[in-house]
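The lines below spell out each chain.
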Amino acid sequence: MAREINLNHICKVEGHANLSLKIENNRVEKCELKAVEGARFFEALVVGKKVKDVQEIVSRICGICSSAHSVACIQALEEAMGIKASRQQEIIRELLMIGERIRSHATHLYFLVLPDYYNISSALQLSEKNQDKIDDAVSLISLGNKIIEIVGGREIHPFLGIQDSIKKSIKENISRKIEEIEKKKEVIEKTINLFLSLKYPKLERKTDYLSLYNSENYATISGKIKSQSGMIIDDDYKKHLQENIREYATSKFALKDKKPYMVGAMARINNSYNQLDKETKKFLKTIKLPFNNPFQNNIAQAIELLHLANRAIKISSELETDEPEEIKIKDGRGISAVEAPRGTLFHEYVIDKEGKISYCNIITPTVQNLNMMEQDIKMLVNFLLAKKSNKEKIVLEIEKLIRAYDPCFSCSTHFLKVNWE
Amino acid sequence: MKKNEKLKIGIYGISGCAGCLLTFLYEPVFREISKIFDIKSFPLIKEDKYKGEFDYVFIEGTVCFDDDIIMLKELRNRAKKVVALGACAHVGGVPSMRNFMDNEKIIKFVYPKYNHLKSSLPEPIDKHIKVDCYLPQCPPSKSEILEFIKCIARDIEFKNYEDPVCFECRKMGNLCLLDKGKLCLGPVTNGGCEALCPGNKVTCYGCRGPCRDANLKAFLELLKEKGYTSKELEEKMQTFAGLKFKEEEEKVSKWLEK
Numbered sequence: 000m001a002r003e004i005n006l007n008h009i010c011k012v013e014g015h016a017n018l019s020l021k022i023e024n025n026r027v028e029k030c031e032l033k034a035v036e037g038a039r040f041f042e043a044l045v046v047g048k049k050v051k052d053v054q055e056i057v058s059r060i061c062g063i064c065s066s067a068h069s070v071a072c073i074q075a076l077e078e079a080m081g082i083k084a085s086r087q088q089e090i091i092r093e094l095l096m097i098g099e100r101i102r103s104h105a106t107h108l109y110f111l112v113l114p115d116y117y118n119i120s121s122a123l124q125l126s127e128k129n130q131d132k133i134d135d136a137v138s139l140i141s142l143g144n145k146i147i148e149i150v151g152g153r154e155i156h157p158f159l160g161i162q163d164s165i166k167k168s169i170k171e172n173i174s175r176k177i178e179e180i181e182k183k184k185e186v187i188e189k190t191i192n193l194f195l196s197l198k199y200p201k202l203e204r205k206t207d208y209l210s211l212y213n214s215e216n217y218a219t220i221s222g223k224i225k226s227q228s229g230m231i232i233d234d235d236y237k238k239h240l241q242e243n244i245r246e247y248a249t250s251k252f253a254l255k256d257k258k259p260y261m262v263g264a265m266a267r268i269n270n271s272y273n274q275l276d277k278e279t280k281k282f283l284k285t286i287k288l289p290f291n292n293p294f295q296n297n298i299a300q301a302i303e304l305l306h307l308a309n310r311a312i313k314i315s316s317e318l319e320t321d322e323p324e325e326i327k328i329k330d331g332r333g334i335s336a337v338e339a340p341r342g343t344l345f346h347e348y349v350i351d352k353e354g355k356i357s358y359c360n361i362i363t364p365t366v367q368n369l370n371m372m373e374q375d376i377k378m379l380v381n382f383l384l385a386k387k388s389n390k391e392k393i394v395l396e397i398e399k400l401i402r403a404y405d406p407c408f409s410c411s412t413h414f415l416k417v418n419w420e
Numbered sequence: 000m001k002k003n004e005k006l007k008i009g010i011y012g013i014s015g016c017a018g019c020l021l022t023f024l025y026e027p028v029f030r031e032i033s034k035i036f037d038i039k040s041f042p043l044i045k046e047d048k049y050k051g052e053f054d055y056v057f058i059e060g061t062v063c064f065d066d067d068i069i070m071l072k073e074l075r076n077r078a079k080k081v082v083a084l085g086a087c088a089h090v091g092g093v094p095s096m097r098n099f100m101d102n103e104k105i106i107k108f109v110y111p112k113y114n115h116l117k118s119s120l121p122e123p124i125d126k127h128i129k130v131d132c133y134l135p136q137c138p139p140s141k142s143e144i145l146e147f148i149k150c151i152a153r154d155i156e157f158k159n160y161e162d163p164v165c166f167e168c169r170k171m172g173n174l175c176l177l178d179k180g181k182l183c184l185g186p187v188t189n190g191g192c193e194a195l196c197p198g199n200k201v202t203c204y205g206c207r208g209p210c211r212d213a214n215l216k217a218f219l220e221l222l223k224e225k226g227y228t229s230k231e232l233e234e235k236m237q238t239f240a241g242l243k244f245k246e247e248e249e250k251v252s253k254w255l256e257k
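Respectively, the protein sequence lines represent chains A and B.
Residue numbering for the first sequence follows numbering that gives the first Met the number 0, beginning at 0 and increasing consecutively.
Residue numbering for the second sequence follows numbering that gives the first Met the number 0, beginning at 0 and increasing consecutively.
The set of hints was computed from the structure by calculation and includes no laboratory data.
These figures come from a predicted structure and were not determined experimentally.
Glycine included, C-beta positions come from ideal geometry on N, C-alpha and C.
Check before you lean on any hint, since a few could be wrong.
[Said to hold, decoys possible] From the derived model, a few chain B residues whose C-beta atoms are all more than 10 Å from chain A: (1) Glu4; (2) Arg75; (3) Asn76; (4) Lys79; (5) Asp131; (6) Glu143; (7) Lys149; (8) Asn159; (9) Tyr160; (10) Glu161; (11) Leu174; (12) Lys250.
[Claimed, not checked] Within a straight-line C-alpha distance of at most 25 Å, the following computed SDA-like cross-link-like pairs (lysine to any residue) qualify: (13) A:Lys223 <-> A:Val349; (14) B:Lys181 <-> A:Ile82; (15) B:Lys104 <-> A:Arg332; (16) A:Lys238 <-> A:Gln227; (17) B:Lys72 <-> A:His8; (18) A:Lys166 <-> B:Leu174; (19) B:Lys149 <-> A:Ile133; (20) A:Lys83 <-> B:Lys200; (21) A:Lys167 <-> B:Arg169; (22) B:Lys181 <-> A:Gly47; (23) A:Lys166 <-> B:Gly180; (24) B:Lys200 <-> A:Arg86; (25) A:Lys355 <-> B:Lys179; (26) A:Lys51 <-> B:Phe218; (27) B:Lys48 <-> A:Asn5; (28) B:Lys48 <-> A:His8; (29) B:Lys179 <-> A:Glu353; (30) A:Lys329 <-> B:Tyr227; (31) A:Lys355 <-> B:Lys72; (32) A:Lys49 <-> B:Glu224; (33) A:Lys49 <-> B:Glu220; (34) A:Lys198 <-> A:Leu123; (35) A:Lys176 <-> B:Lys200; (36) A:Lys399 <-> B:Lys50; (37) B:Lys179 <-> B:Leu195.
Make a model of the complete structure from these sequences and hints.
Okay, here's the thing in structure tokens:
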């Protein structure tokens, strides 16, 4: 007997998405996850724009990961013009990304994930005795916001230019934060233990994990692209990661060498476990790596928080003032890959002889995860159908799985709505 | 509303970046709204099960396709007051830039193969429904949001700032970016942002829309003297609020014709 499960406007995820499942003979025949947002055409909007206006525009792709879009954009433009960023510029960028990832993970874990495991509809319903969870969430989100505001001028859509001058006030303000970051590690450890203690469905499977990698540190703003099947150099990304247009979605789907793969915190820890600091590694002792259960992405995010706090402390103390020379706009092509909260983000630009953008391509983390999400949803539903679970249970578990991936449908929908004839 | 009864609010997004919604989740706004309001709906963090009426609905985003319009109309019917939250809802925001570009070219650029599109041109929400209040800016100002929610909780009228960005910019003691040879929209843009961008050495892109009595003709003359073209001014104005600046421009030219 054929039946369908449709989830419209899935809540507690970023953006709008629908899921439709077709079940025949107690097996999933079709699984389609659709972003249902109006396309905003960012890649086309920047064509013809001057180099200095691009960051202001692409930052607006996403309010959650505007730092990541800004950093990827600036770095790609610099590469196109043959500009090498100083260590000080790199520290600013990494701090922007750290602040953002702390904020994003805390928001995701406490506001989007936790309610499912406490059987409540939102964190607003947490009981008196669990109010400390809200306090912890707020405290970590505020810490992330503060870091971004200090180095980027505002919490959402930070100011970031090519070769910005780094004033003494930034150096002073960020070093004043170090003590507070140190104190917040207590909240982070509580968070890790909380997310380690939750009971997740067992959904072990093998897949490919993709993230930035470098041997010296846990890669954030630069590095080689590592997957379980080897290293890719930035310039070859298109050959490996093909974006496919699917008729039912406004977002694109990506495949690596024609196979689905996963990006995000789980992929990062799987690929760069050795680059985590000692204190963070301790928490991984009890866990069997690599992570192969998508629900463990929640644990991976919680664990990353500690490494990020330690890293912020380290690089904040290294920050110095910087007064770079005025840049000269040149033509060229540049690509940058960074680790956004949800995974590897690619920006590519071509600058023409007049100093204007003639080409832009952006691949967001959620676009890369969509295929894998569909595959995991199928597997989970088949597993639940075999156990004769009812529809309510299936829907709840699907939503938990989708949330574990922490998708961002605003980001994935930078393409137009297509109506097929 | 009965005394001591909390206002029922909803916080929604249509096509957008979620930045404005997150402003409501970040401090100090989050604590305030959880205290003063009964948050009936906030799909970003809550199951959207409530089907009743709202006293206030806050809406983020630009109208980009039919589903957005359907959602707007439904929310309008259920809300006593609708608040446009952020630059996209207020003036169209960055996506509205597409109104001034060659759409055929855009489609071919992103979809070289498939172009059967029926996507409407992005517009601010007041093109489709009546909007009662505006909280402008990208992202919206937290202090303005706090002031707004305090006003509505006490049933006091909220007034939007109406003077140009330059007023606040001078007050903040910033050096004029126009004088430094940068194209800044401060003189014709509505303030209320405490000149945040110029304060960070970034020119004003006009995200709060045109200010009251914005004299675009005089501004263009000034820019021409400085060596800019009207095309450069137009392009800059189109970044966030091109549609609203265009309306203003039409008003000015009509007035001059009289």
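We went through each hint and held it up to the structure:
no.: 1; hint: Glu4; in the structure: holds (18 Å)
no.: 2; hint: Arg75; in the structure: holds (18 Å)
no.: 3; hint: Asn76; in the structure: holds (18 Å)
no.: 4; hint: Lys79; in the structure: holds (22 Å)
no.: 5; hint: Asp131; in the structure: holds (23 Å)
no.: 6; hint: Glu143; in the structure: holds (14 Å)
no.: 7; hint: Lys149; in the structure: holds (20 Å)
no.: 8; hint: Asn159; in the structure: holds (20 Å)
no.: 9; hint: Tyr160; in the structure: holds (18 Å)
no.: 10; hint: Glu161; in the structure: holds (23 Å)
no.: 11; hint: Leu174; in the structure: holds (14 Å)
no.: 12; hint: Lys250; in the structure: holds (27 Å)
no.: 13; hint: A:Lys223 <-> A:Val349; in the structure: holds (21 Å)
no.: 14; hint: B:Lys181 <-> A:Ile82; in the structure: holds (22 Å)
no.: 15; hint: B:Lys104 <-> A:Arg332; in the structure: holds (21 Å)
no.: 16; hint: A:Lys238 <-> A:Gln227; in the structure: holds (17 Å)
no.: 17; hint: B:Lys72 <-> A:His8; in the structure: holds (17 Å)
no.: 18; hint: A:Lys166 <-> B:Leu174; in the structure: holds (16 Å)
no.: 19; hint: B:Lys149 <-> A:Ile133; in the structure: holds (23 Å)
no.: 20; hint: A:Lys83 <-> B:Lys200; in the structure: holds (22 Å)
no.: 21; hint: A:Lys167 <-> B:Arg169; in the structure: holds (23 Å)
no.: 22; hint: B:Lys181 <-> A:Gly47; in the structure: holds (19 Å)
no.: 23; hint: A:Lys166 <-> B:Gly180; in the structure: holds (22 Å)
no.: 24; hint: B:Lys200 <-> A:Arg86; in the structure: holds (22 Å)
no.: 25; hint: A:Lys355 <-> B:Lys179; in the structure: holds (22 Å)
no.: 26; hint: A:Lys51 <-> B:Phe218; in the structure: holds (22 Å)
no.: 27; hint: B:Lys48 <-> A:Asn5; in the structure: holds (16 Å)
no.: 28; hint: B:Lys48 <-> A:His8; in the structure: holds (11 Å)
no.: 29; hint: B:Lys179 <-> A:Glu353; in the structure: holds (22 Å)
no.: 30; hint: A:Lys329 <-> B:Tyr227; in the structure: holds (21 Å)
no.: 31; hint: A:Lys355 <-> B:Lys72; in the structure: violated (40 Å)
no.: 32; hint: A:Lys49 <-> B:Glu224; in the structure: holds (21 Å)
no.: 33; hint: A:Lys49 <-> B:Glu220; in the structure: holds (23 Å)
no.: 34; hint: A:Lys198 <-> A:Leu123; in the structure: holds (21 Å)
no.: 35; hint: A:Lys176 <-> B:Lys200; in the structure: holds (24 Å)
no.: 36; hint: A:Lys399 <-> B:Lys50; in the structure: holds (24 Å)
no.: 37; hint: B:Lys179 <-> B:Leu195; in the structure: holds (17 Å)
Violated hint for the displayed structure: number 31, the only one.
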